[in-house]
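Participant: Here is what each chain is made of, one letter per residue.
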Amino acid sequence: MQTHYIWQYIPLVLQILVALAMAGGMVAASFFIGKHKRTKVKLGAYECGMDPVGDARGRFSVKFYMVAMLFILFDVEAVFIMPWAVIYRQLHTITGQRLFGFWEMVVYLGFVAVGLFYVWKKGILDWTNTSSRGDL
Amino acid sequence: MSTNLLALLPELVLTITGVLVMVLEPVIPAGKSRKPLGWLAILGSLLSGLAAFYQLQIVNAQGTLTAFYSTIQIDPFSIFFHLLIAAVVLVTLLGSLDYFESPITHAGEYFALVLFGAVGMMFMTSSVELLMVFIGLEISSISTYILAGFRKGRATASESSIKYFLLGSFATAFFLYGVALIYGATGSTSIGPIAAGLAITRTPTMAILAVAMVLIGLGFKVSAAPFHVWTPDVYQGAPAPVVGLMSTAPKAAAFAVLLRFLFNGTPMLHGHWILLIEILAVASMCLGNLGALKQHDVKRLLAYSSIAHAGYLLVAFTGTHQNAVAGACFYTATYAAMNVGAFLVLSQLSGFSERIRSIEDFTGLALKRPGMSALLGFFLLSLIGIPFTGGFFGKFYVFSGALQNGHVWLGIVGLANSGVACFYYLRLLAAIYSRPTSDSVAYIPVRKVTAPAAVALAATALATLGLGILPNKLVHLVERATPTTTAAVAVQPTQQ
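Here the protein sequences come in this chain order: G and W. Residue 0 is where the first sequence starts when you use numbering that gives the first Met the number 0, and the numbers rise one by one after that. Residue 0 is where the second sequence starts when you use numbering that gives the first Met the number 0, and the numbers rise one by one after that.
Since the hints were derived computationally from the structure, they do not count as laboratory data. We put the CB at the ideal spot given by N, CA and C, even for glycine. The hints are all genuine.
Taking lysine-lysine and the PhoX-like style, the derived pairs with C-alpha atoms no more than 25 Å apart in a straight line are:
no., chain 1, residue 1, chain 2, residue 2
1, W, Lys-151, G, Lys-62
2, G, Lys-62, W, Lys-162
3, G, Lys-120, W, Lys-31
4, W, Lys-151, W, Lys-447
5, W, Lys-31, G, Lys-121
Computed, partial: chain G to chain W, Cβ under 8 Å:
no., residue
6, Val-113
7, Phe-116
8, Lys-120
To list a few chain W residues with every Cβ distance to chain G over 12 Å, as calculated:
no., residue
9, Leu-49
10, Asn-59
11, Thr-481
Please build the complete structure, drawing on both the sequences and the hints.
Facilitator: Below you can see the structure in the form of structure tokens.
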């Protein structure tokens, strides 16, 4: 029997429902079960650890930017690995070579590892040592 | 060796050297000299030049190489630009080996970024797939954005880097939009299939719009008017050796992409884009030369001169396919030699701090630095296009190509502009050779020219002179370089 293609989306709808239930359930559970201490900071708008009200031209440590940039870099790396991992078993039929896809990813991760090594040796991951070389 | 690896050999060599430099940089203790990294980078650029030469032997024996599902094409055209870029990078690295010799200048990152930038530029010239070109464009652009701000802590350097980054990203978006539209019009982003698709497209207006968009994006990269406004500010703030590099090598790569795209990809639309090219060429020549007349800062003056030279180069595009490729290739080579040379002299004279900048500072320079003055004078004469310099034959081939194809008025505009250009180049030259004012020369510190810098200066001067006396050698090479369109159809994503 030919079903309408829209029924193929049923798993996706279920996934969305489960995700909503999980997120909503967690918030609801902590609301009902948890203790409530209403402080000024807790009730303020959340703005990534910064004071949401005040002069926008305040200065803050360059390390914020460093971490933000590194986060983006490694985040994007994960984005690239995901589709590769999903089709890895079919890759050899697409490329025509058995291990081509594997070595491509090794080269790619190698570049990322070199970047991580550079960042680490430059002392950017080191927040406490003031004499570190994170003077970029 | 597999064809894929062979096709990317020069880029591979540069990438591996660049990564090595990046890995070794933080390992060397903070206070130590970064010179060994510089020598490593120089070795890498030398090896990549040799790799390109090896590719030339292979291509001579077996014909054009294609690799990576026909997205990379190695032919004499791309090899010419590979050799040119490798040479410019080599000379720049030699010239800046001592320029960045200070603990605060991040010399290690400088060497790595120059190499990475060169990878992108080479990639642009050998790609026959516009998305691959885009990746190369981004690699080269991002490296040069950072390099432009290398004189950290100075307001002009930050201005230079930020302006270049913001406007450059904007221009790249135009290029990408053009690529998207051309995909819509022809169903492909590869040069060969684009040409085939244009013949049967039902949306020719969209294709014309796409070509215009690509022209805007690349016009920015070659600083052709009216997309030139960033050039003087960026060149003024960037370190002199970096300006020498980024006013020649990325422009050569962008011109290579334009040549391939316009002549191989969209020959059907020749009647449309030739008009745009003419407008760009005339605007660049006139605005560049007229703008330079008013400049006092020597780097700004040379920036406007670089806009004008982009205009001369665009005149070459009005010739026949073969004339255009030969003229443009010859001009990029001579322009690279003389402009890198001129900026090397500037970097040697004023050093990292760039104390002497304006034409007034150069007054009477010949008394204190006769050798350097003579070299700078020679490069300026070549930029004017005096006979026995490379600049003369560069202009000669460009204008004769345009005249042969019936663009007489364009030739006249170009020659009139060359006359205007004499004025500001000679103004600088006259200042150098005039009597010093009371305090102009006193402030000029005599920096010793180190051996690597001397080699770089000699190489650029000899190249400029050689191209002016014996242009035939290069002409024979570039006349063979006209790229052909590969019949190979790019891999299309399978659609159900």
